[in-house]
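Enquirer: We have chain A; now place chain B onto it with these hints.
Just so you know, the protein sequences line up as chains A and B, in that order.
Be aware that the first sequence starts at 2, since it is given in our numbering, and climbs by one per residue.
Be aware that the second sequence starts at 2, since it is given in our numbering, and climbs by one per residue.
Please note that the accuracy of each hint is not assured.
The list treats identical chains as one, so a pair stands whether inside a single copy or across any two.
[As the list claims (entries may be wrong)] When the alpha-carbon atoms are kept at most 30 Å apart in a straight line, the in silico DSS-like pairs for lysine-lysine are as follows:
(1) 171 - 412
(2) 420 - 100
(3) 274 - 14
(4) 171 - 138
(5) 178 - 293
(6) 100 - 339
(7) 274 - 412
(8) 171 - 290
(9) 295 - 100
(10) 339 - 431
(11) 274 - 11
(12) 428 - 13
(13) 100 - 233
(14) 339 - 98
(15) 428 - 98
(16) 293 - 160
(17) 293 - 11
(18) 179 - 472
(19) 412 - 431
(20) 270 - 431
(21) 339 - 233
(22) 160 - 290
(23) 178 - 11
(24) 185 - 138
(25) 233 - 428
(26) 274 - 428
(27) 412 - 269
These aren't lab readings, by the way, just hints derived from the structure by calculation.
2 protein chains.
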Amino acid sequence: MFEAAELGRKIKKTVYNEEIEGLRADLLQCQQELLDCDFSVVLLISGVDGAGKGEMVNQLHEWMDPRYLETTAFDAPTEEERERPHFWRYWRALPPKGKIGIHFSSWYSDPIAQRLNGQITQSQHEAYLSRVNTLEKMLVDDGTLLIKMWLHLGKKHYKQRIRHLASDPKTAWRVSKKNLDNIKVFDEFRSVAEDTLRQTSTGHAPWIIVEGYDPRYRSLTVGRLLRDMVRKRMEVDPKTLTSPTVDWTAKKDKTTLLDFVDLSQALKKKEYKEQLLHYQARLNVLARKAHKQKLSTVMALEGWDAAGKGGMIRRIIHALDSRHYRVIPVAAPTDEEKARHYLWRFWRHLQRAGHMTIFDRTWYGRVLVERIEGYARTDEWIRAYQEINEFEEELTEHGIVLMKYWLHIDKNEQLARFKAREQISYKQHKITDEDYRNRERWDDYAQAVADMVERTSTQVAPWHIIEGNDKRYARVRALQLLCDRLEQVV
Amino acid sequence: MFEAAELGRKIKKTVYNEEIEGLRADLLQCQQELLDCDFSVVLLISGVDGAGKGEMVNQLHEWMDPRYLETTAFDAPTEEERERPHFWRYWRALPPKGKIGIHFSSWYSDPIAQRLNGQITQSQHEAYLSRVNTLEKMLVDDGTLLIKMWLHLGKKHYKQRIRHLASDPKTAWRVSKKNLDNIKVFDEFRSVAEDTLRQTSTGHAPWIIVEGYDPRYRSLTVGRLLRDMVRKRMEVDPKTLTSPTVDWTAKKDKTTLLDFVDLSQALKKKEYKEQLLHYQARLNVLARKAHKQKLSTVMALEGWDAAGKGGMIRRIIHALDSRHYRVIPVAAPTDEEKARHYLWRFWRHLQRAGHMTIFDRTWYGRVLVERIEGYARTDEWIRAYQEINEFEEELTEHGIVLMKYWLHIDKNEQLARFKAREQISYKQHKITDEDYRNRERWDDYAQAVADMVERTSTQVAPWHIIEGNDKRYARVRALQLLCDRLEQVV
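For reference, chain A alone in the conformation it holds in the complex (with noise of 0.2 Å):
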């Protein structure tokens, strides 16, 4: 995989001088029309030490516009990185559409380093690829150009360049110990270094492995590559990006898994204060451990209008310390938000250790209403599946508990509480014309619902669907499926 860009390719500086010109003109128009492109680019720049990264950065900063280049280095995970999924860091440094992110020690640096440490056996080593994978696709899917560049040098250049860089008094301070302990684990650190280059090398973001030993070659073969590759990208049309999706949703039949939740389920006053009283005792008891502990939850409440989930918010915090959680109410993203990932909203709200995060709807939105309104297209919602099989699992996997709650009513009742309502001055504002319109559409709402249900309830996050009619019940049941599942880890 790497011999080819291990033969000491060389550009002469005649022909160097010629394209230069051109090509930094090139790069500023390009990133000028980029400006008004519905996509963001992501440039991960990973190689051989001594390979020229860091200078291949610094020139791409010099040539092009540093206004519309936002470089990112990932070092060691700072004390806030370390509390959210591994991932969250890179979430964060996302540029947004129209703009180019370079990162610099990309998700790339840290599996090959621990494989060649042994911190992580090889199979371990291959989920995080696996892992890698999906979260590419889902960045090229959502339109982002995704260029992974691997600058490279054989084991002859890299001695050369050591040694090279420690002869000269003004270069020596760059050369580390590690430089030269790189030297006698080079065979290695290539071989670990094809494997995950081979596995990771996808139809939808392929590595370039470009030779490092020339500064000239480098350079003009980086800015040519990054310049010609925008340039194509602007003249695809997004939709196209996409495999052909099928949309399977022509095939089911009428009767979806709602219509058999037993809605009859209630409790009678006394008895909801009791319970209501034991379960807030209990979950007091088990989040103050839980933030000791520094566990942290994420609650995802989805339900029909007026279901009541406000209420049922209100019923759980009240046992928790104010402190100790936040509630995330999601409605129309910011322009922030709309520049990026559908996801990347709500990673940005992930709380520190400890902390409960409580989303009020959340990302399956991209399943429900962006379905049925249309505002996703067909490809968008169906893959979203996957995609937030895949969020889910990174939160998990860090050790997050993830609750999800369908909370569910039927359509009469829902039609009740519209009109109730209706006659309380403060809770007037929670009816709107779109409620009653989203109404209309209650069938298509169900098998949206009854799909989410059917391809998100996973062994790690699975549903919870909650009786509803009765709020008293509905309450009750929240808090009770909280505490036990709390209980299994804390």
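Expert: Showing chain B alone in chain A's frame:
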């Protein structure tokens, strides 16, 4: 000051029950109306341990719609917080317009604790409080409703409360050694607290002391106050919030300091090349040292359109490692930015320790384009000078090196550059009708620049006016000034 809050005030259960439902409805209504208002509410909850601060905040969350409440509890600062100026984490947590943010252990807890422990002297304490007053004034002037509640307990009741908690196994966990120690230093604490409140109880943000002894009294009082203050604020015309401003600009004569800038300064090509290389090499060494020492630099670049900021930035970053700086282009604010104080969007971009942040246009937009185009009211841009000085003092006090450049050219030179840009395809986008419109207001801008320099060139953050008619001279000069400054500190 605290005497009135040490009486053991109580409210009867019947009175409480009678009022509470109406109060809750009112609070919900307030929140709903607030969503459409052009201001945010920041509620600071401070006070004596055991006076029910936590319970109070939990209570508010239960009563109100938790989706529009954001509580932030400030514990010991995280690594990312410690690497930024002190107030960074408080700015970061400010709620957007339309929402209520509760700040728990706000900017008041550190100074009180540190004063008690003897970590800071009385004069340091006072200096900090005067900074707090300025911050609060800034927020209030921007329209924020700032409510500061001190929940109080007298010594007798404090002792009672701690002993009571300790005696019940269900609550004993809440009593820490610190609580017991606090009994011993209660008088001292009370005196430092009184000192703090007295110095920060200003006309724009007075303290409200609430006796915390009886939960019903405390809850009802805080709830009522919150409702009444939000309601009252809604009736106020924002323009009347700030003190009338003397517009001193009319008094100015036509000659400004810009007329005394010697624009004939120039460098020959050979000289330029030599000096450029010289200073870039010097900057490279200095920047590496600064990074190692975790010393941050903020560069604030302003100048006429076409003055050559872009080219100057490229010459500077040529000497830097792209992992260690970020260029922030300042254009129209995003909607998340518009919903907050105008300085918020600059606070959010401060990089971690050891990094350079280059602002391409800055917070000075407030007293330049916003002043000239009328985007800011007169009282807003006039008070901005002081706000900006304060902001910059916070940066420099944290140890950040702050460099402010005004890149100056004359009117003829600008026209020549506009014409030249129109000839080069990838530079055409840089010239728009707006540039010509701005040009027509040259004299207004010149006056604004002169005022800006006069009012914000401080010892800690002086302005450098760079003679820019000759690009070569300007670039070398910018590098030289930066090197000279860094040399003093690394």
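Enquirer: Next, verify each hint and record whether it holds.
Expert: Here is what the structure says about each hint:
1. 171 - 412: neither (77 Å within a copy, 44 Å between copies)
2. 420 - 100: between (48 Å within a copy, 28 Å between copies)
3. 274 - 14: Cα proximity of residue 274 and residue 14: across copies only (19 Å, versus 83 Å in one copy).
4. 171 - 138: neither (43 Å within a copy, 51 Å between copies)
5. 178 - 293: between (40 Å within a copy, 17 Å between copies)
6. 100 - 339: both (14 Å within a copy, 21 Å between copies)
7. 274 - 412: Answer is within; shortest intra-copy Cα gap is 27 Å, inter-copy 78 Å.
8. 171 - 290: So residue 171 and residue 290 pass the 30 Å test across copies only (14 Å; inside, 55 Å).
9. 295 - 100: between (36 Å within a copy, 28 Å between copies)
10. 339 - 431: Both: 25 Å inside a chain and 26 Å across chains, each within 30 Å.
11. 274 - 11: between (80 Å within a copy, 27 Å between copies)
12. 428 - 13: between (75 Å within a copy, 29 Å between copies)
13. 100 - 233: within (16 Å within a copy, 44 Å between copies)
14. 339 - 98: both (9 Å within a copy, 20 Å between copies)
15. 428 - 98: Answer is between: at 22 Å across copies they meet the 30 Å cutoff, but 38 Å inside does not.
16. 293 - 160: This pair counts as between: shortest inter-copy Cα distance 27 Å, intra-copy 50 Å.
17. 293 - 11: neither (59 Å within a copy, 34 Å between copies)
18. 179 - 472: The answer is neither: 63 Å in one copy and 42 Å across copies each exceed 30 Å.
19. 412 - 431: within (17 Å within a copy, 57 Å between copies)
20. 270 - 431: Classified as within: same-chain Cα gap 26 Å, cross-chain 70 Å, threshold 30 Å.
21. 339 - 233: Result: close within a single copy only, 24 Å intra versus 35 Å inter.
22. 160 - 290: between (54 Å within a copy, 27 Å between copies)
23. 178 - 11: For residue 178 and residue 11, only the intra-copy Cα distance (29 Å) is at most 30 Å; the inter-copy one is 70 Å.
24. 185 - 138: Cα proximity of residue 185 and residue 138: none, with 35 Å in one copy and 62 Å across.
25. 233 - 428: between (53 Å within a copy, 22 Å between copies)
26. 274 - 428: Classified as within; 24 Å inside a copy, 71 Å across copies.
27. 412 - 269: within (23 Å within a copy, 82 Å between copies)
In terms of the numbered hints stated before, the structure departs from hints 1, 4, 17, 18, 24, listed from lowest to highest.
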